[in-house]
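Protein chains in written order, with the numbering used here: chain A, 1 to 116; chain B, 117 to 228.
Mixed in with the good hints, there may be bad ones.
In silico BS3-like pairs for lysine-lysine, Cα to Cα no more than 30 Å straight-line [stated by the list, open to error]:
| no. | chain 1 | residue 1 | chain 2 | residue 2 |
| --- | --- | --- | --- | --- |
| 1 | A | Lys57 | B | Lys119 |
| 2 | B | Lys133 | B | Lys173 |
| 3 | B | Lys175 | B | Lys227 |
| 4 | B | Lys133 | B | Lys171 |
| 5 | B | Lys187 | B | Lys175 |
| 6 | B | Lys187 | A | Lys57 |
For the chain B half of the interface with chain A, some residues (derived, Cβ under 8 Å), not all of them [as the list claims (entries may be wrong)]:
| no. | residue |
| --- | --- |
| 7 | Tyr144 |
| 8 | Pro156 |
| 9 | Arg158 |
| 10 | Phe162 |
| 11 | Ile166 |
| 12 | Ala202 |
Rather than coming from a laboratory, the hints here were simulated on the basis of the structure. All residues carry an ideal CB built from backbone N, CA and C; glycine is no exception.
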Amino acid sequence: DTGVSQDPRHKITKRGQNVTFRCDPISEHNRLYWYRQTLGQGPEFLTYFQNEAQLEKSRLLSDRFSAERPKGSFSTLEIQRTEQGDSAMYLCASSLGQAPYNSPLHFGNGTRLTVT
Amino acid sequence: SQKIEQNSEALNIQEGKTATLTCNYTNYSPAYLQWYRQDPGRGPVFLLLIRENEKEKRKERLKVTFDTTLKQSLFHITASQPADSATYLCALDSSNTGKLIFGQGTTLQVKP
């Protein structure tokens with residue numbers, strides 16, 4: 001169990017640029033989640049996958065955000081035309097999702113995005 | 117509207133004392149609730165899960181209670197140590213799908 005890894009750890013970009021983050025989950029986990037966290041707040045749900053299928057996307061998520069999980073392995077989160085309000089920590093988590101769906105989430109250490 | 121609330125003010129206690137953190141929720145009927153620990157610059161780490169039919173769960177110096185009538189969970193750390201200083205997050209599954217909704221977290225500072 002090598003844990004959930006995220007790349008890069010830090011990203012500084014100028015407003016209007018596109019950025020892409022990568023998440024490698026624990027290999028046997030079929031579920032993968034993306035969360036966003038700002039200072040002093042808890043993680044906010046963005047989207048999740050079961051294998052390669054994206055099952056839910058937060059209604060708060062702008063159309064500028066897109067996530068993929070090809071072949072049900074690693075996942076990418078892309079933000080297009082970044083805005084200063086996108087500055088946050090982006091966290092990825094994975095779990096062994098099976099009924100009754102109460103497995104703990106295993107988080108990576110996040111990608112900190114700063115939009116200048 | 118649905119809410120999960122934790123004490124937003126930091127909790128400062130002396131080493132050796134018991135820390136008690138509160139998580140209240142409204143307009144949810146979760147089948148279970150989880151607690152996580154988060155250190156600065158790191159992702160949350162799972163600590164404990166308690167189901168709706170369990171009143172109390174223990175793990176070493178940690179104890180969690182779950183009162184579905186009060187819609188509240190309490191998280192206790194006994195014999196606290198400076199190494200317990202961190203932010204503690206409660207989380208619940210609002211839709212029984214495994215997707216967790218988190219509270220804003222409470223920061224605990226244990227002073228030697």
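Going through the earlier hints one by one, which of them does the structure break, listed in rising order? 7, 8, 11 and 12
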